[in-house]
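There are 2 protein chains.
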Amino acid sequence: MFGVTILGNNSALPAYDRHPTSQVVTIHDQLILIDCGEGTQMQMARYKIRRSKINHILISHLHGDHYFGLMGLITSMGLLGREHDLHIYGPEHLQDIIALQLKVADTQLPFPLHIHAIKEPGLLVNYPRFTIECFPTYHRVPCWGFIIREKKKPRKIYREKVLEYKIPAVFYEKLKLGEDYTTKTGEVIKNEWLTLPNSEGKSYAYCADTIKDSRVATATTNVTLMYHETTYLKDLAERAANRYHSTTVQAAEIAKEANVKRLAIGHFSSKYEKLDAFLQEAKTIFPSSELAVEGVTFVL
Amino acid sequence: MFGVTILGNNSALPAYDRHPTSQVVTIHDQLILIDCGEGTQMQMARYKIRRSKINHILISHLHGDHYFGLMGLITSMGLLGREHDLHIYGPEHLQDIIALQLKVADTQLPFPLHIHAIKEPGLLVNYPRFTIECFPTYHRVPCWGFIIREKKKPRKIYREKVLEYKIPAVFYEKLKLGEDYTTKTGEVIKNEWLTLPNSEGKSYAYCADTIKDSRVATATTNVTLMYHETTYLKDLAERAANRYHSTTVQAAEIAKEANVKRLAIGHFSSKYEKLDAFLQEAKTIFPSSELAVEGVTFVL
Chain A
53 MFGVTILGNN
63 SALPAYDRHP
73 TSQVVTIHDQ
83 LILIDCGEGT
93 QMQMARYKIR
103 RSKINHILIS
113 HLHGDHYFGL
123 MGLITSMGLL
133 GREHDLHIYG
143 PEHLQDIIAL
153 QLKVADTQLP
163 FPLHIHAIKE
173 PGLLVNYPRF
183 TIECFPTYHR
193 VPCWGFIIRE
203 KKKPRKIYRE
213 KVLEYKIPAV
223 FYEKLKLGED
233 YTTKTGEVIK
243 NEWLTLPNSE
253 GKSYAYCADT
263 IKDSRVATAT
273 TNVTLMYHET
283 TYLKDLAERA
293 ANRYHSTTVQ
303 AAEIAKEANV
313 KRLAIGHFSS
323 KYEKLDAFLQ
333 EAKTIFPSSE
343 LAVEGVTFVL
Chain B
53 MFGVTILGNN
63 SALPAYDRHP
73 TSQVVTIHDQ
83 LILIDCGEGT
93 QMQMARYKIR
103 RSKINHILIS
113 HLHGDHYFGL
123 MGLITSMGLL
133 GREHDLHIYG
143 PEHLQDIIAL
153 QLKVADTQLP
163 FPLHIHAIKE
173 PGLLVNYPRF
183 TIECFPTYHR
193 VPCWGFIIRE
203 KKKPRKIYRE
213 KVLEYKIPAV
223 FYEKLKLGED
233 YTTKTGEVIK
243 NEWLTLPNSE
253 GKSYAYCADT
263 IKDSRVATAT
273 TNVTLMYHET
283 TYLKDLAERA
293 ANRYHSTTVQ
303 AAEIAKEANV
313 KRLAIGHFSS
323 KYEKLDAFLQ
333 EAKTIFPSSE
343 LAVEGVTFVL
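As given, the protein sequences belong to chains A and B, one line each in that order. The opening position of the first sequence corresponds to residue 53 in this note's numbering, with each subsequent residue numbered one higher. The opening position of the second sequence corresponds to residue 53 in this note's numbering, with each subsequent residue numbered one higher.
It is worth saying that the hints were derived from the structure and are not from the lab. Some clues are possibly wrong.
Pairs count within a copy or across copies, as identical chains cannot be separated in the list.
Each computed EDC-like pair below joins lysine to aspartate or glutamate, with the alpha-carbon atoms no more than 20 angstroms apart [unchecked claim]:
1) 171 with 158
2) 100 with 325
3) 155 with 144
4) 100 with 69
5) 254 with 148
6) 203 with 305
As the structure is a computational prediction, the values presented were derived from the model and not from experiment.
So here's chain A without its partners, still in its complex pose:
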């Protein structure tokens, strides 16, 4: 399973029972939390997200609607007796903010908390089955987007052929990783004769708060699912630019430029009660657009 569950889809002001930004990525048996606006822990309870499964938290930037729920979540994890490591990746000053608040509360967390300051684009996490990368987005304060990539899956054994060529079973694992087989007499049997390709690894790009910028498309080329912020409808392009945010049309253009398969849009301004127009406008440019509705899981 590789999926993204939306916990909060609103911009700065909570409104119409929409919450500030937070998403949970499920990849195999792990959960990765992306951003953590106020009330995220309550949203997790609502949508039955298992906090103990979260080992990585990614914070895009230090505007409150993206991280004011973090201290509450960390504190609750401690109170619930978590003992295993928690890794947080975020902008430089996050460490100071967390340390200060733990100190004044005289809180000793029962688990190791690792806070990693993001200083440059690149690989943050390299796990056996997935990677997490970051790339800059273009906002009023330093801001990062994230890409979670499933690693390419191993090839599948072509049962009839391995029997025909009498390949020893102990070599099967190497076949899956793409190796050719060499017989005792020195004959090379090509891997592609013996195996079948498996599906490509899928990928998710979270394009946090950002003004429309083609460099975001370049960084996220060909991902399976892109989330791009759409704070405003297209008629407010000027306001969006002034505030380093994007419109529906701009997000859809970036998705198109990046050649992604699907686009999820969110971070809606609290000035909008209904969201239909967001979807409608995005689809005129990029038909595979969807609304990042709270509680919905996008399965990749």
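Start from chain A and add chain B according to the hints.
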């Protein structure tokens, strides 16, 4: 109107749709917010509390369940265009925490924010119609309780008598404040002949997180309504003491010792789903006990 509306009544971990501590005191045309756990701004929306009417916020101590909603509230007030002064009273380091988070977000609030560090017990605010005092409670970190007192109401003019004694109408305001009237011939007409007493001012004491301590009763003697924490039922007195919290029976004993009129209990541990036993146990000691249920307003 003098009343207390409960926005959150749970201790550290949010549970069973109960929220971390927050209360709003309405006194005449002003709102005073006491503590501001995560999600307080959402609870305000739910219970139709007008944020713009809040001019004073009192933070008892720097455990997250009492203040992690503060940054979100302040930021939202700014986004909503607040322009008038906001006064926050709280422990020493609150100023640093707020300043750091505003700085990293590059936020310029459109209203004057005054953060007052509480250093000693006494008067915090002296308004024409009420005062706010603070007193220490006894918790694991420095912690303050608060008393909001309506000022004694002016005396009422005794219509028949002022006519009988021919008191000039311009002197009525002074009569209300208790002054005697002296005639041109030097004769003193006693205030109590000319006026009737009005009702006494009412008072509310918020006894924040605390271990059971008689000094809390001394500080809050004779208040109209006391809120006292009851994190645990009486059978967990040892755990309560270890964690600097109180049980139902202890809270009720303090209310009795302080000779208050009514007691509201809250700050329930998330280990309890049902609250009936809290009320039952408190009432065995102090019959005028009530549960601080979220959304309920205690009218003084």
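Comparing the hints with the structure gives:
1. Taking identical chains as interchangeable, the C-alpha atoms of residue 171 and residue 158 lie at most 20 angstroms apart only when they sit on different chains, with a minimum of 19 angstroms there against 29 angstroms within one chain.
2. Taking identical chains as interchangeable, the C-alpha atoms of residue 100 and residue 325 lie at most 20 angstroms apart only when they sit on different chains, with a minimum of 18 angstroms there against 26 angstroms within one chain.
3. For a Cα distance limit of 20 angstroms, the shortest separation of residue 155 from residue 144 qualifies both inside one copy, at 18 angstroms, and across copies, at 13 angstroms.
4. For a Cα distance limit of 20 angstroms, the shortest separation of residue 100 from residue 69 qualifies both inside one copy, at 18 angstroms, and across copies, at 13 angstroms.
5. Neither within a single protomer nor between protomers do residue 254 and residue 148 lie at most 20 angstroms apart by alpha-carbon distance, with minima of 35 angstroms and 43 angstroms respectively.
6. When the C-alpha separation of residue 203 and residue 305 is checked against a cutoff of 20 angstroms, the pair qualifies neither within a copy, at 27 angstroms, nor between copies, at 63 angstroms.
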